[in-house]
Amino acid sequence: MSMSFFIHLFSAHKRFTELLTKDEKDLPNNRVPMERILTLPELKSNPFRKRICNVFSTSEYKDGGLTFEDFLDLLSAFSDSATLEIKSHYAFRIFDFDDDGTLDCGDLEKLVNCLTGETDDTRLTPEEMRQLINNILEESDIDKDGTVNLSEFQHVISRSPDFVSSFKIVL
Amino acid sequence: MSTVSESVVGSTRSLSAAKRHKSIRKNSRRIYSAYQDNQGSSDDQDKEDERADSNDPEEMFQNIQYQKEIIANIRTRPWPMRRKLKVLKQAREIVLKYEGRLTRTRGYQTAGADLLKKLSRVLYNILVLFIPWEVRIKKIESHFGSGVASYFIFLRWLFGINIVLTIMTGAFIVLPELLAGAPFGTTRSKTIPKEHLASAQDLDTIWSLGGYLQYSVLFYGYYGRLRKIGSAGYRLPLAYFLVGMAVFAYSFIVLLRKMAKNSRMSLASASDENFTFCWRVFCAWDYLIGNPEAAESKGAAIVNNIREAIVEEQEKKKDTSLAVLISLRILANILVLLSLAGSIYIIYFVVDRSQKLEQEKPELTLWEKNEVSVVVSLITMIAPSAFELVAQLEMYHPRTSLRFQLARVLVLYLGNLYSLIIALLDKVNSMSSAIPLSPGNWSESSSFLATISQPEGNSLSTLVSEISVSEHRNITIATIATVLDVRNTSTSGSGVISNQTSLFEKNIRSQQDPCWETYVGQEMLKLSIIDMIFTVASILLIDFIRGLVVRYLSDCCCWDLESKFPEYGEFKIAENVLHLIYNQGMIWMGAFFSPCLPAFNVLKLIGLMYLRSWAVLTCNVPHQQVFRASRSNNFYVAMLLFMLFLCMLPTIFAIVRYRPSQHCGPFSGQEKIYDIISETVANDFPLWFSKVMSYVTSPVVVLPALLLLFMLIYYLQAIARSLKFTNNQLRIQLQTERTEDKKKVFQLAAARLQAPEADKKPDQQESDVTSQEASIHTPSPRRNGSITDFNSPVHRGNSIHTITQSASRAELSRGGVAGSVRSPAVTILPKHRPPEHTPSRSDTQQFSQSGRPPPPFLGGPSGSCRSKSYHHMACSPPARYSDHIQSDPLYRKTLRSIHPMEAAGIISAQSYGGRRGHTTRYVIVNEHDPRKKLLRSATRIPRHFLMEEPAEILELYPRNIKRYAPRSAHHQPHPHRSHPSQQHLSEEEEEEEDGKGKRRISLGKAHRPRSLSDLHQPAHFYIGDRGERHRSKDSRGRYGVHEEDEEEDGEEEIDWGDLEPHSRSQSNVRGADSVLVRNRRHIHSPGRPCPSPVRSMHMESHVKPKTRPKLEPPLTESDSASLASSSDQQNSSTDQYIQVIHNKDHYLKSEARQGKQAKKKSKASFDLNVTESKDLVYSNV
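Here the protein sequences line up with chains A and B, keeping their order. Each residue of the first sequence is one higher than the one before, starting from 1 at the first, in UniProt numbering. Each residue of the second sequence is one higher than the one before, starting from 1 at the first, in UniProt numbering.
Please keep in mind that the hints were generated in silico from the structure rather than gathered at the bench. Just so you know, even glycine gets a beta-carbon here, dropped at the ideal spot from N, CA and C.
From the structure, some residues in chain A lie toward chain B, with a derived Cβ separation under 10 Å:
1. P41
2. S45
3. N46
4. G117
5. E128
Bound conformation, chain A alone (with noise of 0.2 Å):
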């Protein structure tokens, strides 16, 4: 493998043993908690940064910790290289908040909200959210089963001209 490979590799690593605390970096495989995740500046001010954990999160308590693994997921998934079908299929998943393989009201209303937080003057009315939704399941549901499925949501992105330079995280 490469060089540039590795110094990733490395630096992927320095940081996420950095997130260990002492006793937990004797273990073999050990997982971060999400808290400790989400501390990464990188993280922090992301909207999303709950989801992306549960996303790339193996634990089965559902908790969004990430193994060493698991982070490396993570940042194969954001990286320069990924194709835009990893992504879009990740952006999908991140955004499908209830995991049930659609894109349906509740999932787009939670995912308007984490856009543009919780605060009341930022808040979309449920009025300005209901058209919003209207408007989007408008534009991508195509099957017009209410929802946008990973397929329609992936044709939606396909067209974006900004979506593959902006769905990067760079450690």
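Chain A is fixed; fit chain B onto it per the hints.
Here is chain B on its own, set in the frame of chain A:
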């Protein structure tokens, strides 16, 4: 036979039931954790596969190929790392293990290719390490998002261009001059005049680029006119000219290439579909943002954006007080135009003034010397902000206003540069015309000539006379005559004399310093320097100081500095990029006259990079209206190209129009700068070359060449137009397809509504199903002749009876006597049909009928084959529909209990062996079942699915599940089961009547795929992909014999060939959504944009004629429905998947054949075909 199979079924039932139970659990887990990988099962299966591998080299090769494909594509799979690693490892192992068995050379080849790949990768990675400022840009990107980063990437790119320009000018002009040219002080053009020597080292002289700087390699004037310099005889003047042109040429090429690359990348977004809301929500967040402040502002921007979109949507139809708005906009535009005109006037005025000052005053102050560049820089700094203020008047949408702003700023910059260069050239004009030698190149010069010739005539100055004498050689008699004329006229005018003295004074000066090229170069360099100073100052003052003030004084101030008035400086990407472009324009403009300008620009850009990045990181907040980075990239480049063109014009104009200075520079003494080329050609090239050149440049050659070029342009344009046209056509087609898709969905909804009704008569439905199956069976004998035509009615038959009959007969007929046996069933069936029809079912049935076009005109095997492929498509819709229709809870429950039956059926089928064997296997393949393992040992195909499918299923499951969830939760675990089992139930009943186990099996087979397709269309589709791939390979490698036998096979293959690349490229598009599929195709394979539509149309056409004759009696509703369905096919991915299955069958068949008797020739293949078609039919249903 039948009894035996029964018993087998019975014994195996319990076993398989237990297994089923497990698999249910497994599946349920999969579903609930919808996206979790199911690596466990796939891994097991992989191992199985490995074992199952036979020694057949062809298979092996395919397998290896397949594994390699996996290895190559592993990165594009959204799997977790662990799974990727496992799969990769396995694939590698397999490849390593078996590759040795194939030819050795192949192994070496691949090894070499691998090595090469690795090497290139290492090299690339090393190169990446040397990309300047990568880390810095990444850091900025991670703080401020991709928009801000795009500015720095653009800056870096410009930096790269300037480096190359610097190398070009440095290596070919500056260095040779320094090394081999005449040293400083040896010639007049290289010495500082005595009266300037004293002040040559003064700071303000240096500052205004006079003194030593003026007489240095920085400027045109310093370069010697010797044709060859140094011992090697370097032709500096020629090099100077060529490099000057090469600078432009190189810039053009680089820009165009960049543009082409960008536009290729943004091709996907070229369509004017817009998903405003989706993008604003789905793609709003820039995941790179890691800085809380940036995140905050981004969040605010997103909220604004979304609100804006909503408001826009709400008020789309409303028109707000137009009159006021229009008047405001007109006002704003007038203001902008005024300020543009004002800025142009000011620049012109300043240049003019400086000219006058130079003439009148011997000593200029610092301000007077730098007036021009300072004013220009000031204008470039202030005007954009003014424009921004004005733009607020207009109340445009932010995006539009940004565009307006950009356009205005660009015009302003261009206006500045142009007015400057025009003013300069004007000055040059007067300067060069001040010398008496220019013989009437332009009319104004004559007046000057008058004044100048006077002193000459009086021989007041030896210097002047010297010059004039030297020049006289060049002057023709005619010009002398004019000079004399002029002299006469001037002497007559006595008033001129007073002027003469002052002019003469000036003339002397200009004759010592007559280098207008140097002057232009000086001005450009000065402008560049002052621009840099202003940039630095503005960064420090406007951004940094302001940032400091806002941050530290906000506590002790009565209002909130951070959010109200001064705020933090915004990083205005667009304006800054424009500034870069402007800067680059200056460089291009001046590069010819000041060879070191690119070098200076390199330094400037480096400084700018560090300063800007520092400023951005410390004291800026990103602009709220982020200019879309990726899309704007090309916009930037396009503007740069525009700038390059416009900046090249003045230089070219000066080169062509003006006479080079007589006493300085490499072209001194020439009539025109470009004369150097013709001179070189004439003097230094062999005679033949100049002859050739003269021929080439003669109108005889040039005109045709020009014509050819025009023709070429026209041709290319025509092609582009036609491509655009087809593009539009495709888009329209796509849209209609989408609407049709929608229609289909509505139909579907209607069907759903009717579903409850249907539930009440499950038996009938089942009978319908079985009838369909029966119809499916019939095809097997089809290739025997036209008999197949009669089969079509069979499909219509709904009654169980007819079904069983036909089915059983089909079995029998397989022996080869099909034709005669068949006919009775045919005749009987149609009668039954009308009464049994249930409303909900009706469409699907009709679809299926229409779909099966037992082709009346296509006799013989070829006909059947073709019909197969088409009807697969046609049949697919029923599958889809049926899933909706039959998703009632009743079935679900029954299904489970009955599962075992199915399994038993399969097993029994296996026991039959022979032809039977592979069909069953096929069924098994389609199921995502652990049971596969048992049977797989015989076939190799499943492995592909094993490896691939689970993931796909996982992805896609949720959708199905969702749909079914409300109805029967516990069924979810394995939805695909439901249908078959149901079928079996009915079959069982039937069997009791019939007592024919065989039939049942066949039914089971037939249904299996259908159920799959119902529930998992996407998965199927994917399978299809795989199948295709196989098939294609197969057909190439192995099917040679086959093809000979059957033409239609070949045809099909062609179709496949068309599809193949698409399917490969689209393997990502797993969804059933047809539109998606389509789009992908078009986008991914621009080389072959039409195949799919063409193909689909093709199919349609085929289907239509076929169906019609058959359905003649009830041509009413069903016919239309069938037509609709067939047209629908185009859109739906189902067509693909169906075909896929078909292929798979082929594959299987071929496998089976190979296993059995590889050496059988045409006859065997014929047989094969028979079975194939039959299988196909099964799978379709």
